[in-house]
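Quick mapping for you: the protein sequence lines, in order, are chains V and S.
Here full-length UniProt numbering is used: the first residue of the first sequence is 1, the next is one more, and so on.
Here full-length UniProt numbering is used: the first residue of the second sequence is 1, the next is one more, and so on.
Please keep in mind that the hints were generated in silico from the structure rather than gathered at the bench.
Keep in mind the model is a prediction, meaning the values are calculated, not measured.
A hint or two may mislead.
Any copy will do: because identical chains look the same in the list, a pair fits if it lies in one copy or spans two.
[As the list claims (entries may be wrong)] 25 angstroms max Cα-Cα, derived DSS-like pairs, lysine-lysine:
no. : residue 1 : residue 2
1   : Lys-328   : Lys-156
2   : Lys-169   : Lys-197
3   : Lys-197   : Lys-156
4   : Lys-156   : Lys-396
5   : Lys-169   : Lys-423
6   : Lys-210   : Lys-169
7   : Lys-210   : Lys-115
8   : Lys-169   : Lys-115
9   : Lys-328   : Lys-396
10  : Lys-197   : Lys-210
11  : Lys-395   : Lys-156
12  : Lys-395   : Lys-423
13  : Lys-328   : Lys-210
14  : Lys-156   : Lys-210
15  : Lys-210   : Lys-395
16  : Lys-115   : Lys-156
17  : Lys-423   : Lys-115
Protein chains: 2
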Amino acid sequence: MTIQLNETHNPELRSWVASANQPDSDFPIQNLPFGVFRRHGSHQAFRIGVAIGDQILDLAAAHAIHAFAGYTELQGGHFTTAINAPYLNALMALGTPVWSALRLALSRVLRADAKHLAALQNCLLPQSAAEYALPAQIGDYTDFYTSLHHATAVGKLFRPDNPLLPNYKWVPIGYHGRASSIGVSGQQFRRPVAQTKPPTAETPVFGPAKRMDYELEIGIFIGQGNAPGDVISMDQAEAHVFGLCLLNDWSARDVQAWEYQPLGPFLAKNFATTISPWVVTLEALAPYRQAWQRNAADPQPLPYLDAPDLRDSGAFDIQLEVLLQTEKMRADGAAPQRLSTSNFRDSYWTVAQLVTHHTVNGCNLNPGDLLGSGTQSGPAPEEAGSLLELTEGGKKSIALSNGEQRLFLEDGDTVILRGWTQKQGLPRIGFGEVTGTLLPARS
Amino acid sequence: MTIQLNETHNPELRSWVASANQPDSDFPIQNLPFGVFRRHGSHQAFRIGVAIGDQILDLAAAHAIHAFAGYTELQGGHFTTAINAPYLNALMALGTPVWSALRLALSRVLRADAKHLAALQNCLLPQSAAEYALPAQIGDYTDFYTSLHHATAVGKLFRPDNPLLPNYKWVPIGYHGRASSIGVSGQQFRRPVAQTKPPTAETPVFGPAKRMDYELEIGIFIGQGNAPGDVISMDQAEAHVFGLCLLNDWSARDVQAWEYQPLGPFLAKNFATTISPWVVTLEALAPYRQAWQRNAADPQPLPYLDAPDLRDSGAFDIQLEVLLQTEKMRADGAAPQRLSTSNFRDSYWTVAQLVTHHTVNGCNLNPGDLLGSGTQSGPAPEEAGSLLELTEGGKKSIALSNGEQRLFLEDGDTVILRGWTQKQGLPRIGFGEVTGTLLPARS
Chain V
1 MTIQLNETHN
11 PELRSWVASA
21 NQPDSDFPIQ
31 NLPFGVFRRH
41 GSHQAFRIGV
51 AIGDQILDLA
61 AAHAIHAFAG
71 YTELQGGHFT
81 TAINAPYLNA
91 LMALGTPVWS
101 ALRLALSRVL
111 RADAKHLAAL
121 QNCLLPQSAA
131 EYALPAQIGD
141 YTDFYTSLHH
151 ATAVGKLFRP
161 DNPLLPNYKW
171 VPIGYHGRAS
181 SIGVSGQQFR
191 RPVAQTKPPT
201 AETPVFGPAK
211 RMDYELEIGI
221 FIGQGNAPGD
231 VISMDQAEAH
241 VFGLCLLNDW
251 SARDVQAWEY
261 QPLGPFLAKN
271 FATTISPWVV
281 TLEALAPYRQ
291 AWQRNAADPQ
301 PLPYLDAPDL
311 RDSGAFDIQL
321 EVLLQTEKMR
331 ADGAAPQRLS
341 TSNFRDSYWT
351 VAQLVTHHTV
361 NGCNLNPGDL
371 LGSGTQSGPA
381 PEEAGSLLEL
391 TEGGKKSIAL
401 SNGEQRLFLE
411 DGDTVILRGW
421 TQKQGLPRIG
431 FGEVTGTLLP
441 ARS
Chain S
1 MTIQLNETHN
11 PELRSWVASA
21 NQPDSDFPIQ
31 NLPFGVFRRH
41 GSHQAFRIGV
51 AIGDQILDLA
61 AAHAIHAFAG
71 YTELQGGHFT
81 TAINAPYLNA
91 LMALGTPVWS
101 ALRLALSRVL
111 RADAKHLAAL
121 QNCLLPQSAA
131 EYALPAQIGD
141 YTDFYTSLHH
151 ATAVGKLFRP
161 DNPLLPNYKW
171 VPIGYHGRAS
181 SIGVSGQQFR
191 RPVAQTKPPT
201 AETPVFGPAK
211 RMDYELEIGI
221 FIGQGNAPGD
231 VISMDQAEAH
241 VFGLCLLNDW
251 SARDVQAWEY
261 QPLGPFLAKN
271 FATTISPWVV
281 TLEALAPYRQ
291 AWQRNAADPQ
301 PLPYLDAPDL
311 RDSGAFDIQL
321 EVLLQTEKMR
331 ADGAAPQRLS
341 TSNFRDSYWT
351 VAQLVTHHTV
361 NGCNLNPGDL
371 LGSGTQSGPA
381 PEEAGSLLEL
391 TEGGKKSIAL
401 SNGEQRLFLE
411 DGDTVILRGW
421 TQKQGLPRIG
431 FGEVTGTLLP
441 ARS
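Same shape as in the complex, but just chain V (with noise of 0.2 angstroms):
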């Protein structure tokens, strides 16, 4: 799929919502990314959203104003019925078509120069006054593995003679995860209960997870599906993804290394997974792109996963970064305190090639299924994106700057991942942030 600009992506475009043309906004008119809101506290049903500076564009209520009059992929009773859902599905399984001319319409309507300014305005919340749900149902969650520098750091702590498998650099790994259990941003869950066998231990033992994680992952949303037993080649999978988010897959580690052989992690994982409230479309990314390549000395891709327009712009450029605000910092007022940062870009398989992978099989994805990227560790020790790699396997302590230490996470803790990306003459587009909390483990 070859990379497109539009007037949607011109860096002089201002917005008439003010905020939006602040240089750090996360959501300049150029982002334009989707969510599901309703007023904090209000118990209505959730509307679907756009970002816009620090305001949300309620789109039913712009639809119900005529803001979309005059862009024939925006009429008809499958939009409607569409944009007025309580999640994105629907949206989402109507394809780029509806997609891209919907962020046209967008655009054009919250343009500093655009007519019917004031109806407009009625149909903007504040962030600060809003909640949010999960963007979209999720039908099925599949979590990979893309990060050739994670997958190597956690293989040298679980399998010290074997870190990196045969398949790694042939095979895009991945398992399906749990979908019941994830939640948006602002997620609080507690610490699970478990058995585990510490290293020096005869038997298993039964309580409370010691070794919690989390982990820094980019979540890729499916829009259009494909049918049982067909395949989406690589020059169609990107016109299949709806969307970008941040997504945190919280881990235990010492469940995970007592359950995980032969057939993968199960209560490691299942007990909580949060993802942002905002999906960045990949029209959104465009002008971001950067080019994919393979060391000399890896194997190049299977023909299956390869494709002509790979290397000059197959990987995205999306600055990753982890903070930690402790139950204590929280108390003293404290800011979050930045733990790591990486750079999807790193990644060693691109968001078409799992698409494309997960579907050879002729497996079947839904509008709103869920992929996860694994953790996006990046090369260099301090980029990892996750307390495992960052302590060594629990052995080298992190001091934070108020005098606490961490292992693992404790009782209390938030975790906080932001991502966004950013180029010489361009906006910033940002994906805001994901936050999760730990709670104790029940009594």
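Keeping the supplied structure of chain V fixed, place chain S upon it in accordance with the hints.
This is chain S only, laid out in the frame that chain V set:
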């Protein structure tokens, strides 16, 4: 949970649906399994039904003519909504008091001496005229690995030096499967195409899978779920199970061998899983419960997986069999040939243990979630629940009675699983069957 019998279990009961009184019927009046059906080719909405003999009773139609009048649990809007739905999820969510009242009401109106409800005869459809849908919208699907005999046999093939991993006898090993590709009996699916690495090859190859297999399993439908963070303890576990079905976990062994480490099976399994249309309730199976026991040499379950009545009645005596009908057999009008038999009572873990283990970390289950038991292989080699085991890893071919041979499945092969329970003086309670057919790979 103590097993209690009531008037619906009375072996003397006969139905006015004459075919239900045949001793070889899977669906006597003591069974009453639930499913979702419509008239074949009608393109109408699917409806909830109960199998009785060779007929299906349409429950919404029966409710509409007040067949369930007089049962307080079966009045009100929640029940009416649930029974009129095109899948069982809402009925599953209503819990044991409603399921049990409905079973009692059905038993009474279907008895030979029932007061003449001639109108109920109009609510019947012959099974021969019906087609089925999945009994529920399956939010999440989890597959376990509860047969020690299967785990040992397969372990020998994948890890000759390390067949049974140290966690097996302590942890009910499970992993998340793909919900989107689960189909109801009659499912046809293409041979998957994927990466494999032949043992003698230097690098992987891409093409149709060569080692296609079935897996003989029991499916477990969750009824009422649990809130995130809550555990379903052993004494409550069976009250959260709506019922059991048959499940075929199709597997591509050559894909599995190359991809499964370290995160478990993925493309090797997620192209198709097939279940039977009928869900047999735990109440129907109550008279057929069996003692569950551990060999003295094996560890007893940790306390969270133990319960007072486990050793009296924790297991289910369900006889299972696998049959194969090749394309040639079909062309010749030959009956399917039995490949093996086994029994669910040989499972190393019980249904209750699977539910409790799944939730002990706070993972939330929802109504309609499906658990697979894992391949049910018995202690004897001929009781193996997969071709991988029966052919000793594809080395020892199976001679079919018509002169054909099999190491793994060939295009056009139909696999049929059947299950039933029987006991002296009690009627046969059957699961019907689940069939599925392997089609050629896409060209």
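To see whether the hints hold, each was checked on the structure:
1. Lys-328 x Lys-156: Neither way: Lys-328 and Lys-156 sit 33 angstroms apart in one copy and 51 angstroms across, limit 25 angstroms.
2. Lys-169 x Lys-197: between (31 angstroms within a copy, 13 angstroms between copies)
3. Lys-197 x Lys-156: Answer is both: 19 angstroms inside a copy and 24 angstroms across each meet the 25 angstroms cutoff.
4. Lys-156 x Lys-396: Within one copy only: 15 angstroms inside a chain, 38 angstroms across chains, cut-off 25 angstroms.
5. Lys-169 x Lys-423: neither (30 angstroms within a copy, 54 angstroms between copies)
6. Lys-210 x Lys-169: between (32 angstroms within a copy, 23 angstroms between copies)
7. Lys-210 x Lys-115: neither (58 angstroms within a copy, 63 angstroms between copies)
8. Lys-169 x Lys-115: neither (53 angstroms within a copy, 70 angstroms between copies)
9. Lys-328 x Lys-396: within (21 angstroms within a copy, 65 angstroms between copies)
10. Lys-197 x Lys-210: Within one copy only: 11 angstroms inside, 38 angstroms across.
11. Lys-395 x Lys-156: Within one copy, since 14 angstroms is at most 25 angstroms while 35 angstroms is not.
12. Lys-395 x Lys-423: neither (38 angstroms within a copy, 58 angstroms between copies)
13. Lys-328 x Lys-210: within (20 angstroms within a copy, 58 angstroms between copies)
14. Lys-156 x Lys-210: within (20 angstroms within a copy, 33 angstroms between copies)
15. Lys-210 x Lys-395: within (14 angstroms within a copy, 45 angstroms between copies)
16. Lys-115 x Lys-156: neither (60 angstroms within a copy, 72 angstroms between copies)
17. Lys-423 x Lys-115: neither (30 angstroms within a copy, 79 angstroms between copies)
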